[in-house]
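So the sequences go chain by chain: P and L.
Adding 29 to a residue's 1-based position in the first sequence gives its number in our numbering.
Adding 29 to a residue's 1-based position in the second sequence gives its number in our numbering.
It is possible that some hints are incorrect.
It does not matter which identical chain is used: a pair holds within one copy or between any two.
Straight-line Cα separation of at most 27 Å, DSSO-like style, residue types lysine-lysine; simulated pairs [said to hold, decoys possible]:
no.: 1; residue 1: Lys376; residue 2: Lys150
no.: 2; residue 1: Lys35; residue 2: Lys246
no.: 3; residue 1: Lys41; residue 2: Lys323
no.: 4; residue 1: Lys182; residue 2: Lys112
no.: 5; residue 1: Lys246; residue 2: Lys187
no.: 6; residue 1: Lys35; residue 2: Lys242
no.: 7; residue 1: Lys323; residue 2: Lys47
no.: 8; residue 1: Lys143; residue 2: Lys44
no.: 9; residue 1: Lys372; residue 2: Lys297
no.: 10; residue 1: Lys35; residue 2: Lys141
no.: 11; residue 1: Lys297; residue 2: Lys439
no.: 12; residue 1: Lys143; residue 2: Lys47
no.: 13; residue 1: Lys132; residue 2: Lys112
no.: 14; residue 1: Lys41; residue 2: Lys79
Calculated directly from the structure, the hints in this document are not laboratory data.
Protein chains: 2
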Amino acid sequence: MVETVKEYLLNKQYKELKAFLNDANEADIAECLNDLDQEELAIVFRLLNKDEAADIFARMDDDTQERMVEILSDKEVSSIISKMYVDDAADLIEELPANLVTKVLKNTSIEKRKQINEILKYPEDSAGSIMTTEYIALDEDDTVKDAFDNIRKTGLKKETVYTAYIIDKQRHLLGVTTVKDLMMEDYSCSIKNVMEENVITVNTTDDQEAVAKMFDKYDFLALPVIDSENRLVGIVTVDDALDVLSEESEEDFEKMAAMAPSEDEYLKESVWDQYKNRIVWLLVLMLSSIVTGKIISSYENAFAAVPILVSFIPMIMDTGGNCGSQASTMIIRALATDEISPKDIFKVWWKEIRIALLVGATLAIVNGGRIALQYNNIVLGTVIGLTLIFTAVLAKSLGCILPILAKQLKLDPAYMASPMITTMVDACSLVIFFNVALALINI
Amino acid sequence: MVETVKEYLLNKQYKELKAFLNDANEADIAECLNDLDQEELAIVFRLLNKDEAADIFARMDDDTQERMVEILSDKEVSSIISKMYVDDAADLIEELPANLVTKVLKNTSIEKRKQINEILKYPEDSAGSIMTTEYIALDEDDTVKDAFDNIRKTGLKKETVYTAYIIDKQRHLLGVTTVKDLMMEDYSCSIKNVMEENVITVNTTDDQEAVAKMFDKYDFLALPVIDSENRLVGIVTVDDALDVLSEESEEDFEKMAAMAPSEDEYLKESVWDQYKNRIVWLLVLMLSSIVTGKIISSYENAFAAVPILVSFIPMIMDTGGNCGSQASTMIIRALATDEISPKDIFKVWWKEIRIALLVGATLAIVNGGRIALQYNNIVLGTVIGLTLIFTAVLAKSLGCILPILAKQLKLDPAYMASPMITTMVDACSLVIFFNVALALINI
């Protein structure tokens with residue numbers, strides 16, 4: 030699409046471009062604008078349908094939004110902000126540099142500014158920070174007809190109109206209803222008789238990931254957010270839940286590969302920022318593996334006497350690391366998706382021990398057997414075989430216990446992933462290896 | 030919740046239990062039923078509100094569904110299936126063992142059986158396999174009033190009523206409209222004038238992950254699925270997209286930890302199945318690291334002359350592996366989320382080289398410096414420092430190039446993750462290490 034737009038621009042076919050943009054989807058236009066330079070951006074944005082411009086603006090990348098705010102006149106900023114949903118406006122304010130925040134806020138109505146501040150006051154990653162304060166509110170004495178009139182009148186400005194909340198004068202949440210339910214009822218029916226009173230709610234301070242998982246479980250289109258006094262303060266919509274789920278799993282992928290999580294796209298994040306995200310864990314893990322080196326040094330006599338032992342070090346370290354990573358990945362994910370909780374620790378451990386014995390026995394037979402045959406040395410094969418079995422049990426034990434302990438200690442289990450587990454297992458597996466070797470081989 | 034239910038059961042307070050279940054949410058009840066034994070299940074399920082029973086059944090785990098089908102009479106099965114959405118019914122058929130499939134199908138109406146087969150014929154993981162064939166279809170000559178009447182009449186049986194599709198006699202897709210848009214229009218207005226003609230569609234054979242990502246991008250509640258002749262065959266709803274996104278990222282986590290992906294929950298999957306998912310990659314990687322062992326053997330003279338060199342092997346292997354995993358994780362995820370594509374390979378590589386130089390230099394200064402001081406041996410410190418820099422560049426290069434190459438070759442980049450990269454980097458980093466050592470130290 031961006032090629033087509035650039036071609037229209039090059040040929041100055043603005044009328045055709047306008048018609049083309051008019052037919053295109055907002056999300057596609059936003060994606061295309063991200064790839065234009067400052068000058069092109071200014072032209073294209075002004076050709077957009079005024080009603081769609083705010084929606085397209087809300088869908089642009091953070092830095093394209095920033096570039097747009099720089100270009101636009103005060104009047105244009107004001108028009109866009111007034112049409113933006115308040116949660117999108119709050120996101121914008123959060124990402125902009127200070128000088129542009131000023132430009133945006135001075136072009137925002139007092140009412141909207143108040144709503145934006147309402148959202149900004151909640152901690153990052155809380156339900157409050159991703160909610161919108163625009164929703165359909167009904168009175169319990171309304172009729173179905175009142176409800177439809179209300180939705181028709183105010184609906185265009187709300188992010189979702191399909192779920193409506195029934196509140197009292199103090200904004201306490203009394204019930205919930207949906208347009209689908211309302212459509213099945215008589216116009217004269219009272220909302221009180223239609224509404225569902227057992228409302229599933231989230232609290233403003235709930236973690237956004239927990240909120241997103243509730244959408245997955247309950248298949249709702251929106252969830253009401255209440256404060257500590259059961260007053261409705263906003264709603265979270267399913268599209269926000271989708272964003273949160275993607276964002277949180279990206280974060281976990283990065284943490285599990287020993288990186289500080291970042292929110293930027295790979296190509297957009299600078300080399301320096303990527304360096305900073307990666308170096309801390311690399312240093313920590315590098316310095317930790319000095320311990321493993323010390324262990325090797327202390328068995329210098331063993332490998333001086335039987336030099337071939339050294340050549341098995343990488344195989345034992347790698348296999349131990351892989352066994353541990355498999356277990357820790359399974360457990361970290363099972364904790365993240367609430368399939369297991371810390372109280373399951375012994376059940377999980379017992380399971381991993383049995384898996385480790387099967388895995389270890391298979392590896393021992395294959396590799397121990399190979400070594401016994403290749404070197405015509407049954408003792409050496411036995412040393413490797415036993416080491417693999419002990420290492421598998423140890424690696425899978427650490428791999429399942431450490432994430433659960435982290436969770437219990439309110440740390441993020443995702444950090445107990447492959448890199449950390451591998452470093453620990455390395456040291457232990459070499460101790461096992463050299464001790465088995467010393468016990469079975471006459472050195 | 031399950032404790033409360035069990036207590037009611039124990040005290041035989043069935044009336045109270047029925048009232049309790051009546052007030053509870055369907056998803057919560059389904060979760061609770063998963064934890065009951067066969068006998069409890071039979072009692073509780075029969076206490077459920079008949080209208081909600083099918084919905085609760087659809088939300089239960091695969092194996093609870095299986096246990097239910099075993100318990101229920103033909104008549105009960107028939108009643109549930111008739112109320113289930115056709116995509117949920119198709120999922121059920123897919124997961125049940127053959128004897129129970131027969132029981133279900135003989136209690137399913139011919140019409141529904143036809144619809145189920147329509148879905149089952151599409152390949153697993155395709156848009157066709159996750160769609161439902163129940164949606165609101167309108168004629169372009171309908172008025173807004175006709176549309177509402179249609180929704181009111183048929184809506185209860187449709188998974189979503191908020192998006193309606195306008196089709197011609199041959200089921201070609203002409204346009205789309207939403208209840209929100211319809212509510213803003215006059216009753217007498219023709220659908221033709223309200224509908225959006227530029228419809229974003231997916232094809233039956235499109236990958237489910239790509240479809241799920243479209244929901245994230247466009248914020249739709251439903252997407253129409255068309256066949257190769259632009260005929261509407263079904264719709265995918267946003268709740269399915271949420272399921273697919275979770276499922277696909279779990280799969281990637283498992284693949285990236287060198288496991289065959291599984292769909293079962295951790296605690297429910299047998300030890301034997303877990304063993305099978307894990308052992309293949311462990312064997313492959315273990316046998317690959319024999320190469321690394323061979324490399325070490327070939328430098329036997331070097332570490333016989335300078336035994337301290339051996340003690341650096343774990344540190345170099347681990348650091349190389351971690352550097353490589355960081356890069357590969359970033360790239361695998363960036364490929365999965367379409368932030369980069371194979372054509373970006375040189376841009377990405379150049380970026381990783383610069384990051385690697387910064388990272389390598391830092392590691393070299395810290396650890397090379399430490400070694401130079403500790404052993405009072407500048408040459409040894411230099412060997413370690415240079416090895417770390419070269420290893421970082423090599424590891425990050427492999428970590429970014431291999432996943433991109435895999436994608437280019439239509440393989441799954443997720444397998445080019447930590448375990449695979451670590452095994453490759455191990456061998457290379459040791460070659461670097463011993464060669465730098467041989468070049469700088471007089472052996």
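Here's how the hints hold up against the structure:
no.: 1; hint: Lys376 x Lys150; verdict: neither (42 Å within a copy, 40 Å between copies)
no.: 2; hint: Lys35 x Lys246; verdict: between (44 Å within a copy, 22 Å between copies)
no.: 3; hint: Lys41 x Lys323; verdict: neither (70 Å within a copy, 65 Å between copies)
no.: 4; hint: Lys182 x Lys112; verdict: within (16 Å within a copy, 35 Å between copies)
no.: 5; hint: Lys246 x Lys187; verdict: both (24 Å within a copy, 19 Å between copies)
no.: 6; hint: Lys35 x Lys242; verdict: between (41 Å within a copy, 26 Å between copies)
no.: 7; hint: Lys323 x Lys47; verdict: neither (69 Å within a copy, 66 Å between copies)
no.: 8; hint: Lys143 x Lys44; verdict: neither (39 Å within a copy, 49 Å between copies)
no.: 9; hint: Lys372 x Lys297; verdict: between (42 Å within a copy, 16 Å between copies)
no.: 10; hint: Lys35 x Lys141; verdict: neither (36 Å within a copy, 50 Å between copies)
no.: 11; hint: Lys297 x Lys439; verdict: between (32 Å within a copy, 26 Å between copies)
no.: 12; hint: Lys143 x Lys47; verdict: neither (35 Å within a copy, 46 Å between copies)
no.: 13; hint: Lys132 x Lys112; verdict: within (17 Å within a copy, 55 Å between copies)
no.: 14; hint: Lys41 x Lys79; verdict: within (21 Å within a copy, 64 Å between copies)
Violation of the numbered hints given earlier is confined to hints 1, 3, 7, 8, 10 and 12; the remaining hints are satisfied by the structure.
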